Amino acid sequence: MSTGELACSYAVMILEDEGISITADKIATLVKAAGVEIESYWPMLFAKMAEKRNVTDLIMNVGAGGGGGAPVAAAAPAAGGGAAAAAPAAEEKKKEKTRTNKCFFLSSTCF
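First residue of the sequence shown: 1, per the UniProt record's numbering; consecutive thereafter.
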């Protein structure tokens, strides 16, 4: 990730957190106030992204993309009746891990 992307990402999160409409000018102003030099196209790209996507949803659902494999316990049904009981436990553990990741992301980035 380039410095321009990172600076604009933080600017968008600040604007969203403050409830201020996200525009290229406001992103550029925040980045400039932070003393970061970026290419002039970054604020426009991030402003266009923010008008098409809900930024809060993007932040809250980080890492919630698909493509992950099934838990190992659920992938081994030949193990007998114990595998059926292990599958819900593995699912619950996976949910807890996801929550922890989200909290870690939010606390290290936003606060």
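Because the hints were derived from the structure by calculation, they are not lab data. Please read all numbers here as calculations on a predicted model, not as lab measurements. Among the clues, some could well be false.
[To be verified] Lysine to aspartate or glutamate pairs mimicking DMTMM-like chemistry, simulated, CA-CA at most 25 Å apart:
#1 Lys32 - Glu18
#2 Lys32 - Glu16
#3 Lys52 - Glu39
#4 Lys52 - Asp17
#5 Lys48 - Glu16
#6 Lys52 - Asp25
#7 Lys32 - Asp17
#8 Lys48 - Glu37
#9 Lys26 - Glu37
[Claimed, not checked] Listed next, with one range per pair, are the computed distances between beta-carbon atoms:
#10 Leu45 - Ile20: 17 to 25 Å
#11 Gly63 - Ala33: 17 to 25 Å
#12 Leu6 - Arg53: 25 to 33 Å
C-beta: ideal position from N, C-alpha, C; glycine also.
- Task: Check each numbered hint from earlier against the structure, then list the numbers of those it violates in ascending order.
- Result: 11, 12
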